[in-house]
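Taken in order, these protein sequences are the chains called S and Y.
The first sequence: position 143 = 143 (this note's numbering), numbered continuously.
The second sequence: position 259 = 259 (this note's numbering), numbered continuously.
Since the hints were derived computationally from the structure, they do not count as laboratory data.
For glycine and all other residues, C-beta sits at the position ideal for the given N, C-alpha and C.
Do not rely on the hints blindly, as some may be mistaken.
Unchecked claim - Here's a subset of chain Y near chain S, in silico, CB distances under 10 Å, partners left out:
hint, residue
1, L29
2, I38
3, E54
4, Q197
5, P199
6, S204
7, W205
8, Q207
9, P213
10, P290
11, F292
12, Q293
13, L294
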Amino acid sequence: MSDAALTDRIAGPAGEAAHRGLLSWVASVDHKQIGIMYLLSGLVFFLIGGLEAMLIRVQLAIPNNHFLSPDMFDQLFTMHGTTMIFLVVMPVLTGLTIYVMPLMIGARDVAFPRLNAMSFWIQLFGGILLYFSFLAGGAPNDGWFSYAPLSEPAFSFNNGLSYWALGLACVGIGTLAGSINMIVTIVTLRVKSLTIRRLPLFVWMTLVNSFLMLMALPIINATFVTLLIDRLLNAHIFAPAFGGSALLWQHYFWSFGHPEVYIMILPAFAIISEVIPVFSGKPIYGYEFVAASTVAIALLSFTVWAHHMFAVGMGHVFDLFFGFMSMTIAVPTGIKIFNWSATLYHGRIRLTTSMLFGIAFIVMFTIGGLSGVSFAVVPVDWQLTDTYYLVAHIHYVLFGGSIFAILAGIYYWFPKMSGRLLDEHLGKWHFWLTFIGFNLTFFLQHLLGMMGMRRRVFTYPNLPGWMILNLISTIGAFVLLASVLVFLWNIIVSRRHGQVAGDNPWDGWTLEWATSSPPPPENFALVPPVGGRRPLWDMKHPDRRDEAVAAAGAR
Amino acid sequence: MTGVLTLQPFSPEASSIAHLFIAVLFVMLAIFLLVSTIVIVALVRYRDREGAPEARQEFGSKRLEVAWTVGPIVILALLFGFMIHTIQVADPPLSGEKPEIRVVGHQWWWEIDYLQSGVVTANELHIPTGRPILIDIEAADVIHDFWVPELGRKIDAVPGHPNHVWISASKAGDYVGECAEFCGDEHAWMRMLVVAQAPAAFDSWQQEQLKVPAVPSAGEAAKGAKLFSDQTCVNCHAVTGTVANQRIGPDLTHLADRRILAAGAAENTPANLFRWLKDPNSIKPQTHMPNFQLTDDQAHALVAYMETLR
């Protein structure tokens, strides 16, 4: 990317002094630079969180292993989960969105560029604060949802959990500000003719997801503050021994925590809803239904939280209500999966690396969604919750789902960001190593859970079958490590020597492909006319414009 | 005790869950095969290659949308009905029954109280076969979870929020119990041995447990008994018939009868007991049992004493 061009422009309309080198990034309020910084910080935390996962898998490779102490193991799985959720999946999805969404709606930037910069820097600060805990006596060691009263001062003897609450509150503030920014941007800065019914599904889902964040994040930030009051001011809100309530924490946490699951998957849906149609050469199947089902998921996501709590003894009435709502949310999710699959039919499928990750997403996420249904079925949840079946489930959703979609998105938009294509040959290696390594690591964990292996154990007895299944999982983790190395190599090599992309390497249809790669600071000299959902298709096929074809079909 | 425990039930409660689980697994498999077949067929038929037809520009079909909305709703409704039935069998509502046993989760062991007979034990839950047993589930410190996969559902032990669970065993034998909720450093070694016995055998076990072990008067064991009451052991443990009456750690009255040590971290053998007394961390790292820097002689004497606790 040409830094010189970018810094020139920053000096322009915003009236900033021209900066060079690192300062041109640190002082930037350009949504494209901020988006790339989100992606880079996410990549660094991904490597750290991945390293933590590797240590966990080495410890679990054989029974009765003494590689890690229980306390270190607890710190590692807590930091792995917290890192991957709050410092990888969320910021990377935000980074892609912040980069792409303004381009897609023909805007010059987001509505509040300075707020955008603050969002990024405060979430990065939160991540650093969280990791500082390692130097300040020990990292948090209570799992990514830190159940009380284990998180109370009476049972946790270092400051890790205070850093956890403070750091994540910073991340939460950044996310919250980001969601407001995205909503205002989409509502006010679209080019006029891009009506709400013509919005690319990526933008549609970003809008819905931003409302979801706006409603969910305040809950968790208040919860973090409450925990800090307990920990630092000796209140006992979550301490049953002093009249507090342990279950109150769980209700607080999961009433954020379940919407959070969708906060991490809706943007993944958004990416898939662009990648699958473009590489199939067809418009998305059932646009209205995919959009409406997103709204349904967002609303329902606030009514399912206690399915994380079926084992706490809430009583059958609550269990059945939350079981029912959790089953209901499977319906709009199914609608999406069927529409993506139907988009493939009668298409002309180009199996680029991006598309491979996109298609693998459909199948892997289906597995994660289906194993999710077994947790909505209350008695089955009573058996499977807190076992490796659950570990497998969340990884099929967050890795097979979110991460696969993120990789599809990175291969798709990297040329727009850098001006060069990621190498397809290395990309295929990356894909197949990821696909094989991922399934090797996680598929058999379903079985381990059904055999009775609990999550969060630092070791396990040498029961028949346990060692071989765990060993296979650890081998899979090393295959995944190899895939990450290939990916890094691909980024490094392609950024310098990759094939030059041109404006529209994939024959995409949304507005980001109408400008240069990388786009100039003001994004567009002239925004092309928008007369449908696929403006670039309409330009290329004036005789077969989408809205004309659809109208003819309806008659 | 091994195998795919959640699918090999030994009680009506666990059986009902296993049946529902199998139904769910079939539904999952069918939908997974449907989706993956759709995707694979599409990949084979519509892949971009020389001479492939141009992509057809189609926007959707209301009929198909209705089909893949209504289809899943019907399947889920059936599952929901099955689930309501299973909940009643797997976790019958209380109608005034009193719990027979109280299980209390501690970091990181189980206290087990037989509420009618007064027997107190730890980590080894004996139950009679053939009838449902109502157990009161509590926690002394943080949240734990009582789970015997072959015999019934799991249920959290929440401080300040007593729960209950029905379990039963249709066949005498040993079953694995585990703490399923992360409860701190030694969560991994918070296991339990559940011993289901024919009612007569269970009754005689209970009678045995009620006996007060004689305090040894001579030899190594007597030395050990004196050490036990003079040293800090009595600050945490109880042995019926002696001055030791604290309930912070496990009750040791019939320790020698038990088959596991430290909630399943080791088998209860004299050699392991010796190792445990010398250095508890070597068996269960970060356990709350302190290392008292006992000499070999002291540890041997204590082991000799504890072997008489039966």
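Right, here's what the structure says about each hint:
1. L29: holds, 9 Å
2. I38: Check passed: Cβ of Y/I38 comes within 5 Å of chain S, closer than 10 Å.
3. E54: holds, 6 Å
4. Q197: violated, 22 Å
5. P199: violated, 27 Å
6. S204: For Y/S204, the interface hint is violated, since the closest Cβ of chain S sits about 30 Å away, which is over 10 Å.
7. W205: At about 25 Å, which exceeds the 10 Å cut-off, the nearest Cβ of chain S leaves the hint on Y/W205 violated.
8. Q207: violated, 32 Å
9. P213: This interface hint is violated because 30 Å lies over the 10 Å limit.
10. P290: With a minimum Cβ separation of about 15 Å from chain S (threshold 10 Å), the hint on Y/P290 is violated.
11. F292: violated, 21 Å
12. Q293: This hint is violated: Y/Q293 lies away from chain S, its Cβ roughly 21 Å from the closest one there, beyond 10 Å.
13. L294: Result: violated, 23 Å to nearest chain S Cβ.
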